[in-house]
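From first to last, the protein sequence lines stand for chains A and Y. Take 1 as the starting number for the first sequence in the working numbering and just add one per residue. Take 1 as the starting number for the second sequence in the working numbering and just add one per residue.
No lab work stands behind these hints: they were computed from the structure. Being a predicted model, the structure only gives us computed values, none of them experimental. Everything hinted at is true.
With a straight-line Cα cutoff of 25 Å, these simulated DMTMM-like cross-link-like pairs (lysine to aspartate or glutamate) come out:
no., chain 1, residue 1, chain 2, residue 2
1, Y, Lys-267, A, Glu-22
2, Y, Lys-267, A, Asp-46
3, A, Lys-35, Y, Glu-269
Chain A side only, calculated, beta carbon under 8 Å to chain Y, not exhaustive:
no., residue
4, Asp-4
5, Met-10
6, Phe-11
7, Ile-14
8, Tyr-57
9, Arg-64
10, Ser-98
11, Arg-99
12, Arg-224
Glycine included, every Cβ here is placed at the ideal spot set by N, Cα and C.
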Amino acid sequence: MDLDHIQRSMFDAIRQPLTAGEGMRQRTRDGKSLKTIANEIIKPNDRLTSFERLEIYNRQYWFRILAALSEDFPGLRAIVGERRFEKLAVAYLLDCPSRSFTLRNLGSRLETWLRAHPEYIATFEPIALDMVRLEWAEIEAFDEASKPSLTEAELPGLGPDPKFVLQPHVRLLDLGYPVDDFLIRVRREEEVDIVSNAVSERVRSSARGRRLPKPERIFLTVHRASNSVYFKRIDKAAYAILCALREGKNLSDAVDAVDWGDQTPQEAAANLQQWFAYWSAQGWFCQETEV
Amino acid sequence: MAPSLRRSREVNQSHGPERSAQWPFFFLSSETAWEPISEIRRAKRRVDSQIMPANRFNGFTEYGVGIGLRVPHYNHILDKKPVVDWFEIISENFMIDGGRPLHVLDQILDQYRVVQHGVSMYFGSVEPLNRDHLRRLKALVRRTNTPWLSDHLCWGSVDGCYSHDLLPMPYTFEAAATTAQKIREARDFLEVPVIVENVSSYAEFHASGMTEWQFLTEVVERADCGILLDVNNIYVSSRNHSFDPFEYVNSVPHERVAQIHIAGHSKFEKYILDTHDHPVIDPVWNLYARAIERSGPTATLLEWDDRIPSFDEVHDEALKANRYVAERVVA
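Chain A on its own, in the form it takes in the complex (with noise of 0.2 Å):
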């Protein structure tokens, strides 16, 4: 039996899903037996079976990756209830298998994932995805890249209609739910529990009794400052403005797209440069071209 078939053989057999009662099934999903492939490739020693030792990498490889994708979507967790939420992961895990060497990109698929699969969120669903962008949005905005921030004294060498570039670090979410809030209570609750000793219980506990926030439009930035990352709720104007700025447009283009509502001229010119000097201020804009 060559290398490679040894080791399709058992990749295929460890990524099927376990057993409620956490085992290896009898069966891989397309009906063959894993007995049978155990028994192929493994030797059986005199304590476990080849099927038993298969068995400890098919649970160690589930253990993990759901471990991953719950720490990483914590929110998301509390809104569909910790049950739920591990039918989902591991439905999404199985259509969508890691491809990254890191763990830190498993959730990357998830709102793709999940807007093809509706229920699996049903009843759910807009606040559910609006918690993946949000969460998703965090990871990235976690660890993306910070380039050296625009200075004053660079700002004329820009030409009279610049383009800002915005960090690749700084996210732009429009959401039907105040997701933010939600999640910063999630955590601070999770947070109390994880010094408590006593996660997995207390975290069950207190996703049933959440209640969640009712619908409410905001436009939000998640970004990093001091290598922390910030949710900062924007007006729609001014996250209107960044979305065109990130696409490239002009300053000039970015800021006549917007519509402005009931607001005067004045108002709008007034918003635009404290805007403006808070979104300076930040180190939101960069010099080079966002790769």
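Following the hints, put chain Y in place on chain A, whose structure we already have.
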């Protein structure tokens, strides 16, 4: 602006501590203790040059006893600046573009020696090396200036899908050739010595035609690379597969051993699991003693990755290695 409370620890700026000049400390007898520091250091170098396995596999370095750099210890290290010979980092945790992990790493690099240890190169996988992984790894190598780089003698991916586990190899000549070729490719690309670590395993393959230590030897000689000898993994596998761990230690080409890992593990009814969440047990220390008897006092690293106790507890456990070094060298 609301902090998102993502679980990352606060760190503070700190000044550089002195690196340990104490290892191996055993020759600093009362007779030499009065000597000026420079004399003691010169004497230490003379002794080191006779017993330390500074070799091409570990970049001709003479490292002592280190510990793994782990998030719960960041504050302690940066605030207290403990004397530690070196830190081992998990490369994948720092193969990113920015943020706190790299910020902390840079502060550690200002003060300590750092060696990179990887968990997902998968030299034993049939598929080719991941070029994006290699590029990111090389960028990190340049950042850390690691004198050598380690990863595992295992496989873990198929068709670009990752298991995130260290899966055992079938011990065949085909597997040895595949693995050795990929180690050579990685070393050529990374331009740093690459050494491979034996893993704990819970399964053996019908296809295997040799022992694990024969396979390890076959791979490192074909690749002409060094060994990261994990004596805890040898112990765990010896219990799971009923072989004599001393035969393993006695059989590996000791001149290629560039680093040693020690760790704790967990016992279950029918097997032992490599969990890195306990102190090192005596049988593993005995294997360590035998390993350094053969290889000389080698750069040693304690792994403690789960249920991590205080920094001092981890470091004290690691420093027990010095007793064995002293005993063996005196003997």
